[in-house]
Every structure is written in structure tokens, then in C-alpha cells.
Amino acid sequence: MVLSQREVWIGSGCSISWHVLIMDSSSYAVGYGDEEPRVRVQPVFIGDHVWIGCRAVIIKGVSVGTGAIIANNAVVTSDVPPGTMVAGNPARVVREKVVWK
Numbered sequence: 030m031v032l033s034q035r036e037v038w039i040g041s042g043c044s045i046s047w048h049v050l051i052m053d054s055s056s057y058a059v060g061y062g063d064e065e066p067r068v069r070v071q072p073v074f075i076g077d078h079v080w081i082g083c084r085a086v087i088i089k090g091v092s093v094g095t096g097a098i099i100a101n102n103a104v105v106t107s108d109v110p111p112g113t114m115v116a117g118n119p120a121r122v123v124r125e126k127v128v129w130k
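In terms of the numbering used here, the sequence shown has 65 at position 36, counting the first letter as 1, and numbering is strictly consecutive.
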């Protein structure tokens, strides 16, 4: 499922499994002090040839590099370098220089 208030970019040749959530906002309005509450939005960029495993979550402001692998159930809260595999909650790099077909 892609929940987009403004911008989610998905590159070519990606493999996205079932029950994946990609979102560019928290979907609720927040205000600080005298500030009017507003929905905070940050774009999500997923490079070419990225593999996203089932039940993974990618939140606002994240960039996923070309050729990366997001493991099943990973919660991606920060950028993923190209050609790496991330896993866990929060997701962290578990392998580098990965190649998949």
C-alpha cells in the first residue's frame, strides 16, 4: 500500500511483495507551541531494481538506493545505501555489495 500526501517515487524494475507499506507522511496533523497543526510530509525515493520483502514499512523522508534489498518485516526509518540489504526494526544494514536477479 502506498499512502502519499505529496511524493513517493518508485524506480523501474522493483520487486514489491505483499502487505508492504510506503508512506510520505505520518497521516496526522501536529502543531508545536502556537503553531497551527499540519501534516508533516517528506518525499520517499526508491531507486531502480529494489527488492522489498513482505510486510516491510518505509516511512517518510527515506531514500532507498538502487539494487538494495529490504528484508521481510523491516521498518525503514533512514536512508538505505545502494547495493545493501537491510533488516530489523529499525532497519539496519546486514549485508553490503548484494546482487539479486
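Calculated from the structure, these hints are not laboratory results. Where hints are given, some of them may not hold.
What follows is a list of derived Cβ distance ranges for each label pair [to be verified]: (1) S41 / G62: 13 to 23 angstroms; (2) V128 / L32: 41 to 51 angstroms; (3) Q34 / R124: 31 to 41 angstroms; (4) R84 / G62: 35 to 45 angstroms; (5) G62 / T95: 37 to 47 angstroms; (6) D63 / W129: 16 to 26 angstroms; (7) R84 / S56: 15 to 25 angstroms.
Quantities reported herein were computed from a predicted structural model and do not represent experimental measurements. We put the CB at the ideal spot given by N, CA and C, even for glycine.
Hint-by-hint comparison with the structure:
no. : hint                           : in the structure
1   : S41 / G62: 13 to 23 angstroms  : 44 angstroms, violated
2   : V128 / L32: 41 to 51 angstroms : 31 angstroms, violated
3   : Q34 / R124: 31 to 41 angstroms : 32 angstroms, holds
4   : R84 / G62: 35 to 45 angstroms  : 37 angstroms, holds
5   : G62 / T95: 37 to 47 angstroms  : 41 angstroms, holds
6   : D63 / W129: 16 to 26 angstroms : 50 angstroms, violated
7   : R84 / S56: 15 to 25 angstroms  : 18 angstroms, holds
In summary, the numbered hints that this structure violates are 1, 2, 6.
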